[in-house]
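> Each protein sequence line maps, in turn, to chains A and B. When we follow this note's numbering, the leftmost residue of the first sequence carries the number 1, and every step to the right adds one. When we follow this note's numbering, the leftmost residue of the second sequence carries the number 1, and every step to the right adds one.
It should be emphasised that the hints constitute simulated quantities derived from the structure, not laboratory data. Quick caveat: nothing in here was measured; it's all calculated off a predicted structure. Incorrect hints may appear among the rest.
Restraint ranges, calculated between C-beta atoms of paired labels, are given here [said to hold, decoys possible]:
1. A:Gln461 x B:Lys94: 37 to 47 Å
2. A:Ser435 x B:Pro131: 20 to 30 Å
3. B:Pro226 x A:Gln461: 25 to 35 Å
Not the full set, but computed from the structure, chain B residues with beta-carbon under 8 Å of chain A [to be verified]:
4. Ser171
5. Phe181
6. Asn275
Beta carbons: idealized from backbone N, C-alpha and C, even for Gly.
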Amino acid sequence: MDSMSVEDSTELWKVFVPQCLLNSQPADLLGLIHTKTHCICITASSFSIQSDALKAAQTIQYLGKWHGHLKKLRGSTNKNFCIDVWLDKFGLINCQLLADSKFVPCTCITYEPGEFLKSCCFTNQKGHLRTLIRSLADTEQKVDTMGKELDFWMYGQVSEEKQRMMGRVWMTLLHSLMYLYWPFRYFLALERNFPNLLGKAMHVPSVTSQLLVRSSQNEQVTSPLLVRSSQNEQVTSPLLVRSSQNEQVTSPLLVRSSQNEQVTSPLLVRSSQNENVGYTAGNTGLHKMRCMNVYLRQAIDTVLGILLMLYLMQGDRCDTLAMALHSWAEHVAGELKVLLNWLMGAPAGLKLNSQLTHFMGHFFLYHIYLWKGYLYLLKSILGQLIWYSSITGILGMSIQLALFQDILSTLTIHIYCFYVYAARLYRLQVYALSSLWRLFRGKKWNVLRQRIDSAVYDVDQLFLGTLMFTILLFLLPTTALYYVVFTLLRLVVLILQGLLNKLRAVLNMIPVWSICLWCTKSSLLASGAVFHVLPKGMDSPETLYLSMQVSFYHIGSLI
Amino acid sequence: MAAPRRWKKILYEDQSVDDNYVDSSFLDELKKNLCTRKYDYWTVVRASGVVTQQISSVCIFVIVFIYMDNKILSAENLCISVLTMTVLGYIINKLPVRKSLSFSEKSSSRTILDDLKTLLIFTGFSYGLSPVLVSLTETISTDTIYAMTTIMLLANLLFHDYGATEAAIVSQSLSLNAALFASVCLASRLHTPWHAFATVTFAVQIFAVWPVFKRNLMQSIPASQPVLTVLLGMFAFLALLTVSIPAAILFGLVHLFINFVCPAWLTSLQPYKNNIYGPWDEATIND
Chain A
1 MDSMSVEDST ELWKVFVPQC LLNSQPADLL GLIHTKTHCI CITASSFSIQ
51 SDALKAAQTI QYLGKWHGHL KKLRGSTNKN FCIDVWLDKF GLINCQLLAD
101 SKFVPCTCIT YEPGEFLKSC CFTNQKGHLR TLIRSLADTE QKVDTMGKEL
151 DFWMYGQVSE EKQRMMGRVW MTLLHSLMYL YWPFRYFLAL ERNFPNLLGK
201 AMHVPSVTSQ LLVRSSQNEQ VTSPLLVRSS QNEQVTSPLL VRSSQNEQVT
251 SPLLVRSSQN EQVTSPLLVR SSQNENVGYT AGNTGLHKMR CMNVYLRQAI
301 DTVLGILLML YLMQGDRCDT LAMALHSWAE HVAGELKVLL NWLMGAPAGL
351 KLNSQLTHFM GHFFLYHIYL WKGYLYLLKS ILGQLIWYSS ITGILGMSIQ
401 LALFQDILST LTIHIYCFYV YAARLYRLQV YALSSLWRLF RGKKWNVLRQ
451 RIDSAVYDVD QLFLGTLMFT ILLFLLPTTA LYYVVFTLLR LVVLILQGLL
501 NKLRAVLNMI PVWSICLWCT KSSLLASGAV FHVLPKGMDS PETLYLSMQV
551 SFYHIGSLI
Chain B
1 MAAPRRWKKI LYEDQSVDDN YVDSSFLDEL KKNLCTRKYD YWTVVRASGV
51 VTQQISSVCI FVIVFIYMDN KILSAENLCI SVLTMTVLGY IINKLPVRKS
101 LSFSEKSSSR TILDDLKTLL IFTGFSYGLS PVLVSLTETI STDTIYAMTT
151 IMLLANLLFH DYGATEAAIV SQSLSLNAAL FASVCLASRL HTPWHAFATV
201 TFAVQIFAVW PVFKRNLMQS IPASQPVLTV LLGMFAFLAL LTVSIPAAIL
251 FGLVHLFINF VCPAWLTSLQ PYKNNIYGPW DEATIND
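Working from the sequences, and respecting the hints, build out all of it.
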């Protein structure tokens with residue numbers, strides 16, 4: 001990052017200033033600069049800049065000076081790049097960016113790093129700092145060495161030895177480096193799932209500048225943080241963050257995505273019941289939340305199941321239930337008989353072929369007779385069956401619902417049978433009819449070319465084909481009617497089962513813990529960023545000042 | 001300016017005239033009415049007999065159905081007559097042709113066994129399916145059945161192969177199938193399976209087998225053509241007379257129209273033919 005050509009940049013530079021800096025003493029500013037996204041992140045300040053360790057970290061460089069409440073002083077600029085931050089007499093923050101002794105327009109964003117830390121959406125796996133360094137460097141080699149250095153520096157010696165030298169402020173500032181990733185990283189993940197991220201209103205009375213970070217699909221990817229603003233109104237500013245699929249995201253403010261880190265919805269594990277609770281590759285905060293979700297869900301399930309079990313076990317509720325089911329099943333069989341007799345006549349004024357309809361009606365009536373016998377056999381054991389199956393309530397109410405669904409399936413199996421018979425017959429008839437219609441016209445189906453060709457048939461083929469065509473054509477209404485009736489019956493059963501399925505799915509998928517957290521507006525769930533416009537500083541009015549705060553997700557996107 | 005040369009109809013030489021210039025040899029290569037045929041009235045009359053023969057066949061078939069419906073004709077009689085006629089026709093068909101031997105060689109690709117098989121198929125399936133056919137359209141109203149029959153027989157007339165060399169609308173299988181469909185429709189109106197069987201067999205004979213016989217006859221004895229037309233016409237006319245007089249009169253009129261008026265019309269329009277041929281036509285490949 002030695003030569004920075006500021007002249008050819010057409011985008012605004014963004015300076016990220018942690019809020020704790022504003023209360024500290026005047027100090028030098030250290031941080032990271034990324035030219036590609038025009039972001040400058042102030043990560044550290046020190047009272048002295050003579051620490052070798054600081055210099056050793058090549059990526060963290062000297063940025064400028066924090067002047068506190070003093071009037072602006074021109075600090076010694078030994079490099080051609082300098083940031084000056086100070087508070088003017090109104091207590092408003094001012095920021096100036098100097099490059100090559102020229103003022104460069106920039107945007108200053110203040111934020112509170114602690115807020116972003118707490119939320120589990122923003123934290124990541126254990127190697128987060130490594131991630132940071134990796135994203136800064138261009139090659140893998142630098143990653144490990146620098147990562148080790150900085151790790152050691154940060155967690156090892158820093159906490160003990162340097163702590164005296166650098167204040168708490170500096171420690172926080174150093175940590176705050178990584179916190180900037182996570183809004184964007186998270187947005188990235190969410191962007192993949194929900195293309196339109198949260199939009200928050202931003203009061204922008206008279207601003208026309210834009211914070212643009214573009215991204216591309218190539219290796220030089222930046223992630224866009226797109227905030228549009230309009231003149232007078234409160235507009236929704238969608239934060240669109242796109243990311244690349246590669247590993248080279250090269251700025252602290254960029255989101256890195258890779259195929260390995262499956263940060264899907266951080267608040268909800270969208271999976272079936274056998275979700276991998278022991279998914280260790282995720283970040284600890286999210287992981288913890290997922291675990292809580294699963295445990296709570298299972299707990300509620302079990303409680304409901306046990307309640308139902310106790311309810312069913314009282315007295316002879318099971319037997320009454322079984323009797324009710326049995327009588328319902330018999331009633332259904334009786335209704336089916338009536339239906340078939342109706343079909344054998346002239347249903348709805350339609351005229352069916354009487355021989356065929358009688359034949360099919362008798363066939364299905366015999367089936368119902370067999371079914372009634374089966375029901376009689378089932379009658380004796382149904383009560384016991386229900387009693388024993390309610391014991392599974394220990395495992396959860398969803399199990400009981402599933403069992404009930406199965407019982408329903410076995411009780412309506414005759415409807416399914418009828419549907420299958422009628423459907424197959426109808427399908428066969430339609431298929432034959434279409435083939436014979438082609439013969440009628442003197443054509444045939446070319447299987448090789450998948451098209452219809454003209455064909456020369458023999459006389460007896462024609463004769464037989466036409467005869468069969470006529471017969472099938474006149475028998476089609478009868479078959480079609482039976483097919484329609486039994487399909488409708490089957491649809492009714494399917495709707496019933498579908499409702500039960502939905503109930504079960506709801507039980508299995510509600511993120512209970514997340515909803516509890518959302519209701520209490522816990523900071524664990526902070527998942528967005530809101531930008532507020534600060535009043536302009538007196539001395540440098542040409543920069544835009546924003547403050548970045550965490551915001552919460554809408555309940556709908558939790559689910 | 002060069003000496004005026006004779007203009008040639010080419011563009012690859014600069015002839016110092018416009019590209020679309022043509023000299024006085026314009027339209028020299030136009031030829032008119034190269035391949036028109038001159039029609040003779042009586043030839044056309046004779047040839048139009050094919051159409052009327054088919055119409056007569058259709059009418060005979062319908063009349064037979066009406067007779068059976070009115071119980072004038074019994075099923076057994078029909079069956080017997082159909083059988084005898086088939087046998088007769090078959091024997092005549094199989095007689096050695098006197099005129100051209102090559103013909104008989106070509107047409108003898110079907111052995112007697114093949115014909116027997118065809119016969120078995122026809123009768124067997126008709127007999128087996130006749131109970132089904134009888135009750136097929138019980139619940140459908142008679143008017144619908146008659147309408148469908150009419151449409152199908154018209155389709156038969158429309159798509160029949162009348163001997164033209166290459167006509168686009170001709171589809172032999174469609175015409176035969178339409179006729180069989182019509183026969184099944186009519187057969188389902190009758191009361192016993194025997195009647196249905198008889199109807200279907202008769203339909204097969206008159207629509208499938210009879211044209212084969214007729215074609216053979218025409219090829220061997222060309223003079224039999226008009227005789228056949230007249231015979232069939234008279235037969236149909238007389239039969240129609242017994243059923244309904246307006247129908248008979250209509251039939252006669254149609255007959256006369258197609259056989260006498262249409263040829264006259266065609267030959268009278270011949271002088272007005274004006275086909276233009278020239279080198280601009282599409283090339284036709286004659287091999």
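> Are the hints correct? Go through all of them and say.
Hint check results:
no.: 1; hint: A:Gln461 x B:Lys94: 37 to 47 Å; verdict: violated, 23 Å
no.: 2; hint: A:Ser435 x B:Pro131: 20 to 30 Å; verdict: holds, 24 Å
no.: 3; hint: B:Pro226 x A:Gln461: 25 to 35 Å; verdict: holds, 34 Å
no.: 4; hint: Ser171; verdict: holds, 5 Å
no.: 5; hint: Phe181; verdict: holds, 6 Å
no.: 6; hint: Asn275; verdict: violated, 30 Å
Hints 1, 6 from the list above are not met by this structure, while the remaining hints are.
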